[in-house]
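*Asks:* Chains as they are written, first to last, in the working numbering: chain A, -3 to 469; chain B, 75 to 265.
If you are wondering where the hints come from, they were derived from the structure by calculation, not from laboratory data.
Just to be clear, a hint being listed does not mean it is correct.
[Unchecked claim] Derived coverage of chain A by chain B (criterion: at least 3 residues anywhere in the stretch with Cβ under 8 Å from a Cβ of chain B; other residues may be distant):
no.: 1; segment: 149 to 157
no.: 2; segment: 272 to 280
no.: 3; segment: 406 to 413
Nothing here was measured: the structure is a model prediction, and the numbers come from that model.
Heads up, the beta-carbon is just placed ideally off N, CA and C, and yes, glycines get one too.
Listed below, chain by chain, are the residues.
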Amino acid sequence: MSHEITYTPSNAFTRWLDERLPIMGLAHHMLEYPTPRNLNYWWTFGGILTFCLLTQIVTGIILVMHYTPHVDLAFNSVEHIMRDVNYGWLIRYVHANGASMFFLAVYIHMFRGLYYGSYKAPREVLWILGVIIYLLMMAAAFMGYVLPWGQMSFWGATVITNLFGAIPLVGDAIREWLWGGFAVGNPTLQRFFSLHYLIPFIILGVVVLHIWALHVPGNNNPLGISVKDEQDTVSFHPYMTVKDALGLTVFLLLFAYFVFYNPNVLGHADNYIEADPLQTPPHIVPEWYLLPFYAILRAITFDIGPIDSKLGGVIAMFGSIAILFVLPWLDTSKVRSARFRPLFRQFFFLFVVVCLGLGWAGGQSPDRTIFTSSEVIGTYESAGEADAAIAEAVSQTDATADMFKKHDVIEDGVYGVEVERVDYAFDVASLSLVLTILYFAYFLILLPLLGLIEKTKPLPESISKAVLAEKDA
Amino acid sequence: MAHIDTDEPTRRDFLYVATGAFAAVGGAAAIWPLIDQMNPDASALALASIEVDLSSIEVGQSITVQWRGKPVFVRRRTAAEVEEAKSVPVETLPDPIARNDNLSGDVPATDANRAAEGKEEWLVMVGICTHLGCVPKGQKVGDAKGDFGGWFCPCHGSHYDTAGRIRKGPAPQNLEVPVYSFLSDDRIKIG
Ligand code: HEM
Ligand code: FES
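For reference, chain A alone in the conformation it holds in the complex:
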């Protein structure tokens, strides 16, 4: 439903301006823009995201006034911002936590789209522009995290840039090109700084296209049916502006909680240690919002034909985002909203659990065991005897040496070494693999099939009829 611009300038100045640049007409269109009358609070995240982007840009520009992008000075300049600059601590905490809040909002916004089928015709281009924004956000946040030049900054950058080394033939050349050297170093920091400044403005440009692509077909809504006439809509202002303002206020409460009461809980303590190229921290983890992809990256621990495990992990990780681009054509159901798709609705919630599970797995050490099937083969007086028992078991059965584990035990005050044979261990890497398969199955198998076999519930005749019926009930 395209909305015509109906603005008529009311005085001599606006008439003069309108003939030269119809910007008042655009503003008028934004305020009068008809929105479905049944939008719920999940629809306030678009406004919240716009707020987040502007907050990052304003706080970022201020940080640049005090920050120095050089390996010898970056870490100290961030500490200088925290300790010396007036309100520097506030501006940095808003920027650092702002990135997390931005991702929280974008994830809610995206799952909203998945649930209500907002990616389906006629909104495919709108959805694709959204996925592009999401990709750019990840690039911006990744490079921003490198700037304070702490241990996680350095080693996160090392691990991620090394992903490109997995590309056959040109991998090494690409890596050195990204680094500007033979490892992550000063050239890397400076180019990341330059791009970290640039990308948010590219995002701003794509956001304009995203809103343009929204204003052509109009908003989707919780019922997923198209707007039929004026009865179905209300004007954006004041109805949606007020609703968005309330949503934003509640969101700001959470934002303020992190900034003022728990500013470092979403970060990693190791990033308060200056980068050291000779010392890897014991456990490298990306920021929480990238964890699901990190889990997918590490899930592939085996070679698939000519593709080695490292390249396989990289392909799976990029594939998990790339698949979002073709989602509109994978879902074969004509019905948009999950409200009328009882089976899809249940699988959607399972999918959310799979994504959260991947997030958990991404934060764990990959060889952390979740459950094992094992048997204690005996307890021995010394480690030597335990080793002999293991050697004997290896020679007599088809067990291999790395299946055995030794533990020190004290029984009735006597020291002993217990030997355990682990027949099967389900670890975080295996869990990640299962969840990765489920993630892809949702898009590649479930969505194409469900549309063909699912019996959907009857759709209401119109938005206004459904709203009134709900009111009567």
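Fit chain B with the ligands to the known structure of chain A by using the hints.
*Replies:* Chain B with the ligands alone, transformed into the frame defined by chain A:
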């Protein structure tokens, strides 16, 4: 533009294509400097080699030096470590290639092809995990050395043996042996 119906390409068609092709090549040539400026510059390439004094390293000790921004492990191995590395059949290794920049071609990853030539107790390797680039543990006393007594990468759990060969975990290749040479019995030049 007047339109003449003919199957033959005209002189004007030719000029169009030729002009377009020329502009495309010129455009590509103009973009190249914008891309190439990101490659390692002259100052990065200038740091190409370093010399390391080995006189203070006892048997069983290791040191880590920095070369081109990367850690390089220099280890003086014990006889037991050398024996252990020699006893492994090369066919059973996940990566059977030596990855030694001092030897040409894909020679097998025997201990002799990994260690210093004629000085088997010395092992010199780039200390960067071939998986995603972490620095493996095992250089310091008390570090975890992994299931094969060499090095252990804590990032995603890769185990390297006493010749720096990958034995278990996600890393695809043995640790790289950089170009180096002995200047005297206790001095090497890396790079
Ligand atoms: C899409 C919007 C943006 C996102 C998601 C983002 C994200 C981040 C993140 C995660 C950090 C690391 C914070 C920390 O742990 O210390 C950071 C740092 C930084 N960002 Fe941004 N940023 C954005 C926009 C900008 C813009 C527009 C600028 C400049 C105009 C900027 C300038 C900086 C600077 C100077 C730092 C280093 C100081 C510090 O670490 O606090 N950012 N950014
Ligand atoms: S970087 Fe060493 S195991 Fe991944």
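*Asks:* Each hint: holds or not?
*Replies:* Results of checking the hints against the structure:
no. : hint       : verdict
1   : 149 to 157 : holds (count 4)
2   : 272 to 280 : holds (count 7)
3   : 406 to 413 : violated (count 0)
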